[in-house]
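Residue numbers (this note's numbering), protein chains in the order written: chain A, 7 to 1007; chain B, 16 to 207; chain C, 35 to 486.
Hint data in this document are derived by calculation from the structure and do not stem from the laboratory.
Keep in mind that a hint or two might mislead.
[As the list claims (entries may be wrong)] Pairs of lysine-lysine residues, derived as DSS-like cross-links and limited to a Cα-Cα distance of at most 30 Å, are as follows:
1) B:Lys62 x A:Lys959
2) A:Lys45 x B:Lys179
3) A:Lys689 x A:Lys885
4) A:Lys653 x A:Lys678
5) C:Lys227 x C:Lys460
6) A:Lys45 x B:Lys157
[What the hints assert, rightly or not] To give an idea of the chain A side of the interface with chain C (calculated C-beta under 10 Å), a few residues:
7) Tyr813
8) Gly816
9) Thr818
10) Val865
11) Met911
Cβ atoms here follow ideal geometry from the backbone N, Cα and C, with glycine treated the same way.
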Amino acid sequence: MAGQTEGAGVDRRQFLKVLGTAGAGAAVLGGCSTEQVQKLVPYMVQSEDQVPGIPTWYASTCAECSSGCGVYVKTREGRPIKLEGNPDHPVNAGTLCSRGQAGLQGLYNPDRLTGPMAKNAAGTWDAIKWDDAIARFAAKVAAAQGEFAVINGYGPSTFSSLLTAWTSAVGGFITNYQTFSREPERLANQKTWGRTDLPLYDFAAAKHIVSFGADYLETWGSPVEQQRGFAASHGFHDGTMARAVFVGPRMSLTAANSDEWVSVPAGTEALVALAMAQVIASSKGNSAAASLADYAPDKVASQTGLSAQKITALAQAFAAASPSLAVAGGVGAQHRGAIELCEAVNLLNDVAGNIGQTVKFGAALAESEGYGSVEALFGRMGKGEFQVVLVHDSNPLYTLPRGGNFGASFAKVPFKVSTAAILDETAAACDLILPSLHGYERWDDLMPRAGVRGLMQPVVEPVRNGMHIGDVVLKASKTIGGAAAAFNAPTFEAYLKGEWQKTLGANGFDDSWRETLGKGGVFAPSAPVETPKATGAAVSYTKPAFDGMGDYILMPYPSMQYHDGRGANKPWLLENPDPITKITWQSWVEMHPDTAAKIDVREGEIVELSSPHGKLRAQVYIYPGVRPDTLAMPLGLGHTEYGRYAKGRGVTPLALLGGGDGNGFLPYLSTKVSVALTGDYHKVARVDGMPRQLGRGIIQTMPLAYAAKGMTPEESYKAAGRNFAEENPELEQKALEGWRERQIEQTQVGDYEPTDMPQWGMAVDLSRCTGCSACVTACYAENNIPTVGEEQVFRRREMSWMRIERYWEGGTDGEQIQARFSPVMCQHCGAAPCEPVCPVYASYHTPDGLNGQVYNRCVGTRYCSNNCPFKVRYFNWLKFTDVAWPEPLNLQLNPEVVTRVRGVMEKCTFCIQRIRGAQHTAILENRSVRAGEIVTACAQACPSGAIKFGNVKDPADEVVKWKGDRRGYTMLEATNVRPSVTYLAKVLHVEPADFHGAEER
Amino acid sequence: MRKRLFLGLGVLAIAAVATLTLFRRGSAQQTTAGKPVVAAVDPASLKGPRQPIFFRHDIHVGRNQMQCQYCHYTVGVSNEPGIPSMQTCMGCHFLYVTGSTPQNKAEIAKLNVAWQSKTPVQWVRVHTLARHVHFPHSLHIKALGPQACATCHGNVARMAQVFKVNNVNNMGFCINCHIERKVSRDCSQCHF
Amino acid sequence: MAVIAHDPSMPTQTHAEVTRDVVRTITEKPERGYYILAGSMAFLTLVLFGTLGALLKYGLGLAGYSPPIMWSVYITTFVFWIGIGHAGTLISAILYLFRSRWRTAVYRSTEAMTVFAVMTAALFPIIHIGRQWLFYWLIPYPNQRFLWPNFKSPLMWDVFAISTYLTVSSTFLVIGLVPDIAAVRDHVSGWKKKVYGALSLGWTGADSQWRHYSRAYLYLAALATPLVLSVHSVVSWDFAMSIIPGWHGTIFAPYFVAGAIYSGIGMVLTLIIPLRKVLRIEHMITDYHFDNLAKLTLLTGSILFYSYSMEYFISWYSGSPFEQMTFWRRAFGPNWWAGWSMIICNAFVSQLLWFKKIRTSIPALFVISIFINIGMWFERWVIIAMSLTNDYVPYAWGQINPTWADWCILAGSFGWFGLWFTLFYKNFPIVAIQEIKEMIPMSRRKSHAGAH
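The shape of chain A in the complex, shown without the other chains (with noise of 0.2 Å):
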């Protein structure tokens, strides 16, 4: 593989060039741009995988964080146009996050770095050579005598092995650091068990599930792995399901998706933790019963403003359900109490006898330094111990908080490099930027735990002018000589393939290369299961400290669309609503009702909050699931710098927080802040409507028990004594007898006749479906949806075919509050409102059940969006497509698909270019599309695989199935459309008596 990338290099670019001012293969749409004379140029030589107009598929591994989900990236003509999971792979199994799909909006940033740059005396940057860079970096390494720093963010890979090595080759000091390295989980475990690794929870097995603080939905973990096993165990199969509980101070998207949200008090999560484990352990005569005795449900019921019986109620409950899980840690728990808290939930799991069940040792990989090392690295360079420093795939001067001079300590190294691909805040503190290559561009590998190596490869050439910091230290070393002088391979690619080499034998390594290659890397079935020895370490809770006098706690969180700010500057990220809030392209804070109705402010009027270590203005987001005493921010915006699309957009709570108390950890939650009004407003880029259903039965739900019992949503809403319709009177039933029956016949009437072409339909599982988003931007990838930015999503102008519908229940008068999630696309009508009122045909149905949507044909009379009851038809209001990628992010675009012009409407085609794509394999291959053959682009994405495609007419068909289940219900039924998307209702667990059927219809 490595032979095309560089045979076919120079070419591809030359290539790649001319394609960029041709529109990427996707010019726009309208005769006129056809005319004008276009080039043709050829390969030097053809590569032989490289089929012109054929996508060839390559397998890599995600670089986005330190989970290490492996790829495919789809290419067409040398340029990757699309990521998809890797289906053989043991962390994601062939599915992808938003923040993974989006690395090709980093490899095709238009902010990338050119190539390297020097700062000079003004304090303004040169570009330089590489030879001449690395000739400075090398000589300043020498020079440094030993007093020398590194930074190092990449995950455990052979990379890293090198670079730890190397840097102590040249005598200096390294510290592997990523951001979120959930270090309490680390020490707790330590204290618990004497092992500082972190364990594998197997929440597929799990039939219970308790997270303290932990979104193991969102950030915590590895997500996407994560969210596949939540799906697998709190999904509604053969008759039940998980139940899963959140404990924390605000209803983040896990809450928002377990079954209830218990809520208490930040830093007291520890202590519900201790009572759960009380109650187990000595109902179970456990010996640990009697050291928890001070941590009785009755004793802490105060503190944590839950009643006794509410705790017992939740231990009996986990007790009951075996294996239960119980998860703690992540940004939300990470206050000053983080540790004792996980020590606790360690021992409750022990108690519950959820070691090596669902808690499993042995599979991760040791630690990683984490935030204690890098605080103590920034404190020596504050003392000017080092007189140079290389920061590498790592942004802390952006990441740490404020409070901490970080900066101050940084800015005291005489000489500071950086491999940042980006100008970030780190690199612009630098004097030497290294731009290292995308993830796409280069030779690695990553393992995030044991036995799972995955493999990356160059498969573009690299877009800008960079160099793996991996080939600059080996250069360097040349140079620097002594110790490193031993790092004499030529490439970095090369000590990749020497180091695989161990692994893979010598002998016929060049196939077992390329077969490596070829599947994305090494998964060797998974590590057998260690049940460590508890160290019996007695656990004990102090109520954590605040900094600060104010009157709220500040409660910052992981944002799941930029993590920690690494995602901020990619424009599927940012138009990407967040799942909870729906806000697009703005950082907020979040206010409980209550607490705005004190303060008397409103949704988008700005406040300024102050804490000892800084103050920011925000503007508010009224949220409900979130505590009164308590105000909670997104991380991941508020950068300096870091491109066109982050800089200057939004604020970060890291304003807000000081370092950390050299505990190890950076306690996130430490900080309370005090509001003040500033009157000044700016409205929050919300695209939802109307929050709540207004018993409109879009999103349907029922209780367990009525699922299991095989109702549908109607009988369950009938069973609950809660109708359907009011009953009609006798003689308005006798008037009404097959009225509906006729109103169908009636719609059918003009539909083509039975005919041997397929039916396309979906079906959507709610029960699985957790909000997640991920399919939103694999349709963004794979159609050439254009991102229109803050301004027009003011005016709800956004163009994603596929959105995450989020409505409210109950949260009212006390109430818990819910939330209810479900993808909404075009759900091609058999009886389409939208077809017939369109004057040119532009929209019309196709043989095959399509909603067709010829987009040179439509004039933009947008009746058709008008006339949609679901709304799911979007308007080309400007010139989007002009200004929605700047160069070169149109090489992402999918030359299968046309970017339509201004003044065209379109919507979601149920990925109607692969379709046509099987069929014309199939008639090419002289046979018929194989049932299941045709995934749609959001269906591959969905981590918990709650989307079914497929052709409705062939009983082999998965969806078939699926359209079958009792709890299948169309959307808006009154309207007697017909759609073609059947979703299936979300399962409860609530008692029928107190099922809210009413609000939900």
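Knowing the structure of chain A, use the given hints to seat chains B and C on it.
Chains B and C in isolation, oriented as in the chain A frame:
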């Protein structure tokens, strides 16, 4: 006396040249019947856009009877017909096929230069299909056979310089064929 | 005699006076005021086409559309103008067939209004579509691509309705003008004489010409009559054919037609009250005419009143939560003020006309007519735009907030309409000379034998 001799020689020479040229033209005219012209042609005088290299489809396809698929190698398997890589050209022109006429020699020399300097020749596109139409070449080849290229592209075997015979962006042109052959006219077959 | 003499529909002047008074409006030099009026109208027209240019360049996004409100100010204004036209045709055609004599004095101005209103309305279907330059795709024309417009779409019906309406009413106006232009021709001189001569199509007033003329006029009146009902019914189906709560109403056709005539008469009043003053033809268009117009207003206004209440009743009786929510929000939703201004301006204000005092008080009528214009624009806005703010899926609900591009087009449309009308009344007989003459009683014809 000497004068006469020179004069005679001159006359002879002129006559010889004249007859030769006459003969050549004659032969050229003869060949036009079956075989295409291989005489020197001024590309500027021909229809169609002028290419960086005066590539003679009439010679390659007409005289040498090469299959379209030899160069447009993906036409049978992909939506895209495929433009031959420089390697494909050099495959024949590297050593032995260096051209019969001075003009051809010159043009082939250009090819060599391009190959040496690793700068691909930027051909001027003749047929550009509007981006909002999807035309799977492979399906049409499968349905109409490998000789069907002429249906849209005209008989390139007789084109010294390729020019546009049909406006492929004229939807009527497509539809007529689809009606004659009773194939689907569903919009979403081509427009998505 | 006496009986006839007291008939208020009868002109009080002689033939000669009629001709003189009307021709005077054309021949005498306009005052500064006229130029200012015409100038400002011309300016607004420039605003209209300037804005249209901007829309063409950058796209419809300049206007304040925010999904799900895909139709907003433009379509509202379209329906507003097409509605205006109807009163004209009603008065000029239907009342002609019914031989109601009071129409004579006002019909010319109303017919002119019709034509210009339809000309204005006809701009909007083009302005409001996304790719304006492709509007001709809505016209069925044979093409080798075998593409045909969708005759099921109400928008197609619209295309036909408007084009028919424009053709018929403009022909009707021109035909009616011929003898009067001839009359003007006989009173002007120089190049004007040539122009009017050409426009009068060689009218000599010969008996045969009169015979053909009156036939043609009658047939055209008969032809125009059904359009009064059909055109606005078709326009109403643009909405009634959809499934949007608030649009999907079975009463829409009659409801819209009544509204159209109501709004049209409102506009007539707004126009001719100042006009008769400016042109000093109060003795031709008298209280009697206004009284009749006012009665027509009262009738149509009451039909509207009924329709409004019916809409609310139906939405309640339907039992459909979607319908009910829509109408609840019309009255008490975020845009309640629009909903109420429509009901007050139309349903309530029109009821004042039960009193003869108000019917015959010119100032009162003028004020009411302004109310009617505003109210009717709001009616369309409420029905069209506000129904779209909240239909089936709550998540997709939105709010309307128009921008400068909306208001410029709206104001510009008034300019465009006004410019035509201003030019018309100064250059053509705004009162039908020969029809007035026809009604002059025999007695006076005798007494003034030889005049003319």
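Status of the hints after comparison with the structure:
1. A C-alpha spacing of about 52 Å is found between B:Lys62 and A:Lys959, which places the hinted pair above 30 Å, so the restraint is violated.
2. For a cut-off of 30 Å, the pair hint linking A:Lys45 to B:Lys179 stands: about 16 Å separates their Cα positions.
3. This hinted pair checks out: A:Lys689 and A:Lys885 have alpha carbons roughly 24 Å apart, not beyond 30 Å.
4. Using a Cα cut-off of 30 Å, the hinted pair A:Lys653 and A:Lys678 holds, with the two alpha carbons roughly 27 Å apart.
5. For the hint pairing C:Lys227 with C:Lys460, the CA-to-CA distance comes to about 16 Å; that is within 30 Å, so the pair holds.
6. Between the alpha carbons of A:Lys45 and B:Lys157 the distance comes to roughly 28 Å, so the proposed pair stays at or under 30 Å and holds.
7. Interface restraint check for A:Tyr813: the shortest CB-CB distance to chain C comes to about 7 Å, inside 10 Å, so the restraint holds.
8. With its C-beta approaching chain C no nearer than about 16 Å, A:Gly816 sits outside the 10 Å limit, and its interface hint is violated.
9. Interface hint at A:Thr818: violated, since its Cβ lies 16 Å from the closest Cβ of chain C, which is beyond the 10 Å cut-off.
10. With a cut of 10 Å, the hint placing A:Val865 at the interface with chain C holds, because the nearest CB-to-CB distance is about 5 Å.
11. Annotation: A:Met911 was flagged as interfacial toward chain C, and the flag holds, the nearest CB pair being 7 Å apart, inside 10 Å.
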